[in-house]
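*Asks:* Protein chains in written order, with UniProt numbering: chain A, 1 to 177; chain B, 1 to 177.
These are computed hints drawn from the structure, not numbers from a lab. Treat the hints with care, since some could be wrong.
Identical chains blur together in the list; that is why a pair holds if it fits in one copy or across any two.
[To be verified] Capping the alpha-carbon separation at 20 Å, the derived lysine to any residue pairs in SDA-like fashion look like this:
#, residue 1, residue 2
1, Lys158, Arg147
2, Lys158, Ala138
3, Lys158, Gly27
2 protein chains.
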Amino acid sequence: MVCSAADVLGALGDRWGTLLMRDLLLGLTRYEDLRRSTGATNATLSDRLRELEANGLVERRRYQTRPDRYEYLPTPRGRDLKLLLTAMVQIGDTWNLADREGPPLRFVDTRTGRRVALALVDAETRELVSAGHVAVEAGCGADAVMRWRLERAAALRKAGSDAGPVSADGDATPRAK
Amino acid sequence: MVCSAADVLGALGDRWGTLLMRDLLLGLTRYEDLRRSTGATNATLSDRLRELEANGLVERRRYQTRPDRYEYLPTPRGRDLKLLLTAMVQIGDTWNLADREGPPLRFVDTRTGRRVALALVDAETRELVSAGHVAVEAGCGADAVMRWRLERAAALRKAGSDAGPVSADGDATPRAK
Chain A
1 MVCSAADVLG ALGDRWGTLL MRDLLLGLTR YEDLRRSTGA TNATLSDRLR
51 ELEANGLVER RRYQTRPDRY EYLPTPRGRD LKLLLTAMVQ IGDTWNLADR
101 EGPPLRFVDT RTGRRVALAL VDAETRELVS AGHVAVEAGC GADAVMRWRL
151 ERAAALRKAG SDAGPVSADG DATPRAK
Chain B
1 MVCSAADVLG ALGDRWGTLL MRDLLLGLTR YEDLRRSTGA TNATLSDRLR
51 ELEANGLVER RRYQTRPDRY EYLPTPRGRD LKLLLTAMVQ IGDTWNLADR
101 EGPPLRFVDT RTGRRVALAL VDAETRELVS AGHVAVEAGC GADAVMRWRL
151 ERAAALRKAG SDAGPVSADG DATPRAK
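Same shape as in the complex, but just chain A (with noise of 0.2 Å):
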C-alpha cells in the first residue's frame, strides 16, 4: 500500500510495538523494565523487540558481560517517531477518556517550563497555519488508488453528504453492502 502511514504502522507492528516505543523514547533500556511497564509476557515482548530491531526502529547493544545483558535503544528512525508519540498524547490528553484531573505527562520547554503543544507551520517560513487552512493533496509518489481516494473524497463533499449515492468516477461507485 502507497501510503506513508501505513508504512510507519507497519514498522511498529501492533498496540505492543507502539507501547514499546513509548518506553523506550522516554528512556527506559532495559528488558525488565519494559516488561514492567507494558505488563507484556517474555513472548510478547522478545517477539515485538526483535520485530522493532527487524524494522530499524531499536538497536540492541550489549551493556554487560558474564553474564551477557543487552539494552535496547531507538535508532534514529526510531526518535522519529517521538512526533508520533506526542500527538497521541495530546490527543489523549484532549480527550479524558478517563476523566483525570490532568493530564499523566506534560511535554514543557526546559527553558521557560511551560507546555509545549503541536502545531501547524509553513514548512519553509515556519510561520503558523491554522487548520482550518490545511488542505491534503497527492504528492508526487501518489499512486492511482491514492488518487483515487481523494478524487473519490473530493467528489462526495461536493455532491454534499445528504444528495444520496454519488456517481464520481464510475469505477467508485458504491455498490449495495
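Assemble the complex: chain A is given as a structure, and chain B must be docked to it using the hints.
*Replies:* What follows is chain B alone, placed relative to chain A:
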C-alpha cells in the same frame, strides 16, 4: 494503564482501525469505498467500523432509504486524530522506506499552496520551540507507574548507558532475562 497514548491506541483498536480513520479523515464515507481503499474483508471492515463507532470516533448516518444505506463520518473526537495521521504521514515521508520519488500525500496551506508541517510551539504564546529544548515530565494525572517510568529513565540517563546495571529504586533493578 494511565497513559494518554495508550488511550488513543485503545480507541483505534489496531492497524485496520487506524487505516479506516485515515480514509474517513481524507473524506471517504461509504462502506464500499472503505473496503476498496483498505482491502479489508467484509468481516474485518464491519467489525472495525462498529468498534470505532462504539469508541465514539465514527458516526453512522443513513443517506438513503429503500434500501437503507449508511455512510460513516468522523465525530469531533475522531477528527482530533487528524493530528495523529499528519504525524504518521510526516514520519513515513521522512523514512521513505519504499524509496519513492516523492510523498504520496501533501498537506498544503490553501492560501499559499505551500507545504505545511508539524512543529512544537509554546502552548500559550505559540512561539516555536526547538525539539532540543523539549523535555517530558509527570503531569498531575500521572499514576505510580508513570512516575516510576520517568524516574527510572532519569536514573538510567544519569548512570550513563555504559556504566552497567543501575539500581534506581530497588524494586526496579533489572533481573536476568
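*Asks:* State the violated hints by number, sorted upward, taking the hints as numbered earlier in the document.
*Replies:* Going through the list in order, the structure violates no hint and respects every one.
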